[in-house]
Amino acid sequence: MNEQSTLTEVDARGLPCPQPVFAAKRALESLLAGAVVIRVDNEVAKENILKFARANNFTTEVTATDGDYAITVFKGKMPPPGRQIRAGEEGGEVLTKKKPASGRSGRDKGGKGEADSQAGPGTAYLITQDMLGLGARQLGEILIKSMLFTLSERDTPPPLIVLVNSGVNLVTDRSPVIGHLRRLAENGCRILACGTCLEYYNIKDQLAVGEVTNMYSALEELEKFRVITV
Amino acid sequence: MKDRAVLYTFESVHQAIKGEDVLRAAGIACEMIPVPREISLSCGQGLRLAAADAEKSEAAWRQAAVSWQKKVHACRVDGRYRYGVEN
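Protein sequences, first through last, are from chains A and B. Mapping of the first sequence onto our numbering: residues 3 to 232, in sequence order. Mapping of the second sequence onto our numbering: residues -2 to 84, in sequence order.
If you're looking for bench data, these hints aren't it; they were derived computationally from the structure. Using N, Cα and C, we set each Cβ at its ideal position, and we do this for glycine too. Hints should not be assumed to be uniformly reliable.
[To be verified] Partial chain A-side listing against chain B, Cβ under 10 angstroms, derived:
| # | residue |
| --- | --- |
| 1 | R28 |
| 2 | E31 |
| 3 | T152 |
| 4 | G181 |
The shape of chain B in the complex, shown without the other chains (with noise of 0.2 angstroms):
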């Protein structure tokens, strides 16, 4: 079984930062990662959780006022993360 999940970006490294503290207040899992160069050519971090968590995350976002900026579909292959692919 493939691992599904989304690469959420930020517009800037704080945001990342609040997202996490909120997801991690939530119980939701997640984990802050270098955003691949393929998605975003700025140096930012994004938040990479289960595709599962998704819609979770993004309610508990709004309602802490995290604004991210960039939704990335992403599954896992033999071990390692392809961006851009649909769930």
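Just chain A, with the same shape it has in the complex (with noise of 0.2 angstroms):
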């Protein structure tokens, strides 16, 4: 293999939101060992190549100037010169904000729901489709309402939802769910939905609740906590 460092430059300033984290994606993959610097101009994109580098355990460095950062990601053992931050290592948080203690998104109001006597990170949900379960619509219609209906009943909501495929609809605002969504939302519920699918069905525009994300935050987010599918 390559002793040597090699060192190259991506400037995705202006480039909109994912583009930043894909043009870090190509930069490393084309590279065996070394350090890529990408250039961005928002908090935002910066803020998913330093979880894109954690994701993949690799060290980040960066400096800011004028409202521009430049991530430095190191892939291989080539040691950063400066201040280090080992993604991926134990306890070793890449984001400057403080990581809830329950592992919540921290998006809480106060109050309800912060007494969580629950140990361990809580359970997400993956919402696949507009309905509970295989088999007639009108039963899987009114179970998914009953699910989500106790979950927002819950003085502890889930700390994340994430809603993908026909599941989307869901958070439409003609959604017969609507309500207990928005309830969960602002009880500190995380919900996410599949920009792709959003799409897909031509309903983006419709959006009553939640966040769009797409497949890297969607199962960056999942990966946090205990998965149930439905």
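Dock chain to chain to rebuild the complex, using the hints, since each chain is given by itself in its own frame.
Okay, structure coming up:
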């Protein structure tokens, strides 16, 4: 293997999300070992690249200048020259945000759900269709309603619900469970709806609760919890 | 002001579905919810509606031959319904 260090620069300023992460990924894939410096002009892109680095166990270094960020991602055994953060290392938190003790997304409004007596990181739900289970649609719709109602009534809501495929129908303003989902969101549950799916079903403009997500973020978020898929 | 409500249980999910259809046709708002454990250990679905609509609903069900099992008073406190509370 080439022992020489390689430094590649990628200027991702001005690129819309999630392109900076793709650019970083491509640059790192073409590298056996070395470093890639990715320049971005916003906090979200910086955070996404750091998340990507952490997921891949890469070391990172960030410098900020005039609102721009230069993220150096080290691949292979190349120690960064200055301050370093070992992504993915035990207890090594890349993000500057504090990690909530219960593993929740930190969106709690306080009060309800704060006193989380549950041990462990909690359970996230991956909802893959707009009904619960296989069989009669009428019953499936009753059951998904029933499930989300029950979750919304809990003192401690689940930390995360990710909706994909026809599951995204549940986050529109015409959804029969929109009230339950709104309540969950108000109590601190993070709700992520698959952007590709919203687009496929042509309902992107009807999102009434939660955020649009992509596969990278959805998987990263789900991997933080035990997941129940319905 | 507290929200007064009533929750009706049914002997089967089919009756609950029929009960919901009848109320919808009559323009009475209701919500199908899983019957709370403290009311029944069955895995049934119940219909919750405003207490003010109880009489009207029962009449509509009588006419449509929908039979309900149990009627439980509920009241909404701090955004959450408490059951078994007299209106």
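Quick rundown of the hints versus the structure:
1. The restraint placing A/R28 at the interface with chain B is violated, with a minimum CB-CB distance near 48 angstroms, outside the 10 angstroms limit.
2. Restraint check, A/E31 versus chain B: the minimum CB separation of about 48 angstroms is more than 10 angstroms; hint violated.
3. Because the closest C-beta pair between A/T152 and chain B is about 6 angstroms apart, less than 10 angstroms, the hint holds.
4. Checking A/G181 against chain B: minimum C-beta separation of about 9 angstroms stays under 10 angstroms; hint holds.
Going down the numbered hints, you'll see the structure goes against 1, 2, while the others check out.
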